[in-house]
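Participant: Take the sequences, apply the hints, and build the full model.
Heads up: the sequence shown begins at 114 in my numbering, then just goes up one per residue.
Bear in mind the hints are in silico, worked out from the structure with no lab data behind them. Just so it is clear, CB atoms sit at the ideal spot from N, CA and C, and this is done for glycine as well. A portion of the hints provided could be inaccurate.
What the hints assert, rightly or not - Computed beta-carbon distance windows for the label pairs:
#1 Ser-374 / Asn-216: 33 to 41 Å
#2 Pro-166 / Glu-372: 55 to 63 Å
#3 Pro-166 / Asp-296: 46 to 54 Å
#4 Arg-331 / Ser-285: 28 to 36 Å
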Amino acid sequence: EMGTPETRPSLLQCLRKSGLLDMRVCETRVARGWQRRTALIALGRTRAFEAIPALAEALDAHSRETRIAAVRGLGRIALTEAAIPLMDRMLIHLDVPEHTLKNALVKCCRGHPEILVNYVERARGPVRQLLARVLGELASPDLGEELLVLAADPLPEVRGSAARALGRTNASFTLPALDSLADDPEWFVRLRAVVALGQVENIGKIRTLLRALCDSNRYVRQRAAWALARMEPQLEQILEDVVATKDEYALQVFISELERSGAIEKIISAMALCPGRSAQTLLDVVADARNRVGTNSKATAVAAGGR
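Facilitator: If you want it as structure tokens, here you go:
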């Protein structure tokens, strides 16, 4: 358990030569009850490749507790090969808690998340959603266009996981795909798309974020405002575009985020140095929005104090 990648080969060699590894494998096949479950967990701690078949056999055990121990053991192996029997059983049926499966798959697939793509395409229902969530958590830029198929999936949870994964790709197709997902009928898919856009280094995302700033869901608006308020070189133009939407909620949430990030004073100072009627009009709009934000905050605080 405490072994490092450097010391693990010598520890495994000791386990093999001494026969301790073979003894643990035998225990997982002949022991019963808690003794078998203890042996399965201990076998997983060895992180030995040859432990995988014995742990995979226990996935078919009659006892649910034994199956859970086998899943945890495979998760402790933390090798891509250990994920294959897990996902093969999941496609048929594997009755164990979802969080236990997810934790094991995350540990096993961390180095090679691409193995999940084929299984997501073959899975259906809750299994497909679970595999997609794992893929969304582990996705790397190497995955590429496979994520576009998931972005058009009928299941909202899969589309949301695809949006989360796309935030780590930053490829030519990333922005168009997230732009489409930011218009999804499900609010949480739109939210994940906006969160992913905040991670993408592409100035072209401003248009999509401005649209999300006027979303009907307040969480989507807040996250869009958070992303826009951190695009400092373009903040003055973004502020003008926000005002141009004539959406009071969008303006207030954006001003609130500018206040939190500390950028509002810089913008006001820069606009004050620009002569012209349009600059003064914009300053008046910002001042009015700040007053409204402050009034709403005080009303909320008074209401909370009253309760």
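Participant: Taking the hints in turn, state whether each one holds.
Facilitator: Against the structure, the hints come out as follows:
1. Ser-374 / Asn-216: 33 to 41 Å: Between Ser-374 and Asn-216, where Cβ atoms are some 35 Å apart, the hint holds.
2. Pro-166 / Glu-372: 55 to 63 Å: 59 Å, holds
3. Pro-166 / Asp-296: 46 to 54 Å: 47 Å, holds
4. Arg-331 / Ser-285: 28 to 36 Å: Given a distance of about 32 Å, which is inside 28 to 36 Å, the answer is holds.
In this structure, every one of the numbered hints holds.
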